[in-house]
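Numbers given in the working numbering equal positions in the sequence shown, counted from 1, plus 20.
To be clear, the hints were calculated from the coordinates, so they are not data collected in a lab.
Even for Gly, the Cβ is constructed at its ideal location relative to N, Cα and C.
Treat the hints with care, since some could be wrong.
Below, simulated SDA-like cross-link-like pairs (lysine to any residue); rule was C-alpha separation at most 25 Å, straight line [said to hold, decoys possible]: (1) K299 to R373; (2) K254 to Q330; (3) K380 to V333; (4) K264 to Q370; (5) K134 to V413; (6) K163 to P297; (7) K264 to F199; (8) K465 to R402; (9) K299 to G389; (10) K254 to V422; (11) K465 to P420; (12) K465 to P399; (13) K264 to V323.
Computed spacing ranges between beta-carbons, pair by pair [unchecked claim]: (14) N132 to V177: 16 to 26 Å; (15) S353 to Q113: 48 to 58 Å; (16) R173 to Y148: 35 to 45 Å; (17) N132 to S414: 21 to 31 Å; (18) W234 to T446: 20 to 30 Å; (19) R417 to N132: 24 to 34 Å; (20) S414 to H298: 23 to 33 Å; (21) P406 to R267: 50 to 60 Å; (22) R267 to G461: 51 to 61 Å.
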Amino acid sequence: MAVTTVRNLNLVAPSAHKAGAMRITDTAGSSQGRSGAVSELIGNNLRSGDVFCANKRSTRPTTLGTSPSTTATRTSTTRTTQAVSVPSADSTQPALCDVVTAHRDCRRRKRNTKSAIAFELHQERNLYELHQDLISGRYRPGKSTCFVITRPRPREVWAADYRDRVVHHLLYNHVAPRFIAGFVAGSSACIPGRGTLYAATRLESDVRSITQNWSKRAFFLQCDLSNFFVSISKEIVFGQLCEKLPRGWWRDLAETILFHDPRTNVDVRGNLDLVPPHKSLFNAPDDHGLPIGNLDSQFLANVHLNALDQFVVHQLRCRYVRYVDDFILLHESPAYLLEAYELIQEFLTQRLRLFINPTKTVLQPIEHGIDFVGQVIRPWRRTVRPRTANAAVSRLRSMPSVNLFEAGNSYLGLTSQASHGHADATRIANTLRRRGHCVAGDISKVYRRKQHER
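Hey, can you work out the whole structure from these sequences and the hints?
Laid out in structure tokens, this is it:
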């Protein structure tokens, strides 16, 4: 009859700084191995089975042939930790350095404007006073300037006071990252690295993808929102902000800026009669409309239409690119795009209280060309919109000489963004040369006209 050997293992965890001998109880005898198991102390602070360092001898068990049953007792020190309450970043007021950073962002590329120069005459005092007004709750938006532009069509543009623009940048720097992370890839405008060039190249990439490099036929649906900025509901936008902006100091600042009515304190310049009444902020309800031209308005417009972006990309599953209120859908089936158009209209009406302009809605084959953000995308080429190129040449011919340097470089920069804009750039360069300016050999920039001393 075979004898079954039963082994009882001592699985007590060893101490980190001590080592002992692991004994395995066997019915036939005893065996010994290394272990850090805790056992009773014997002799000179030794445990049964431990090795004595002086003579390298192991202590013997109390009974030969057997391993005594020991109970491990481990004494541990319990540390009482107290959780320290850390204030939320949304409830913490901005530091003075944050206001200085916002001022530097605000003056970028606008340092020579009158408002920026006036603010920097007493820069330290103005920044300190602004910071004190913000943290004390005394800040209120100041006077705005409203002027009218006529190209490409009459519309009113609002410009906040420089002090208020610094606050807009302060709010944007704190709030924008959490929203931008959730924007779809096809959304552009007022997003770092996503301007008109990004929108055009993104659309061109999507077109080449859906047509398999222009070898298959596909269609595009182009839509434009009617009176977008004037029709924005402030209540809906504020609700969208609250989804990612917890209650606190920053939410209060966003509410102050959003619900401020610039019409109560405004300096009007230009003829407002040129602007159609339905496109003027002066005729909008009190709880509707954002002033065109301010950073906060552009950013809040992106936050507002992010719901539309998510709906088109994840529900309709179309290739999609949007720049402000102008957006394009791509698909192989025109019938599917017509159905998507109806669903988008329903979504905008019920969720955002916005409407599509039917006179600017286009559904055509892609090979006919897509006019988007000042460029026209056709098979294997992307050019500047002909109307824009013709207007540039016409303006440069009659423009005062003092403005030619800035305008010429601006138009050459526009043509350089197009993949096939060399012909338009040549026309602009020849116009500038006739006006006495020098142009770089690669037609990338224009130089200032040399002033000869009399």
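Checked hints:
no.	hint	in the structure
1	K299 to R373	holds (16 Å)
2	K254 to Q330	holds (20 Å)
3	K380 to V333	holds (22 Å)
4	K264 to Q370	holds (22 Å)
5	K134 to V413	violated (29 Å)
6	K163 to P297	holds (23 Å)
7	K264 to F199	holds (8 Å)
8	K465 to R402	holds (20 Å)
9	K299 to G389	violated (29 Å)
10	K254 to V422	violated (42 Å)
11	K465 to P420	holds (19 Å)
12	K465 to P399	violated (28 Å)
13	K264 to V323	holds (11 Å)
14	N132 to V177: 16 to 26 Å	holds (19 Å)
15	S353 to Q113: 48 to 58 Å	holds (54 Å)
16	R173 to Y148: 35 to 45 Å	holds (43 Å)
17	N132 to S414: 21 to 31 Å	holds (27 Å)
18	W234 to T446: 20 to 30 Å	holds (26 Å)
19	R417 to N132: 24 to 34 Å	holds (26 Å)
20	S414 to H298: 23 to 33 Å	holds (30 Å)
21	P406 to R267: 50 to 60 Å	holds (52 Å)
22	R267 to G461: 51 to 61 Å	holds (59 Å)
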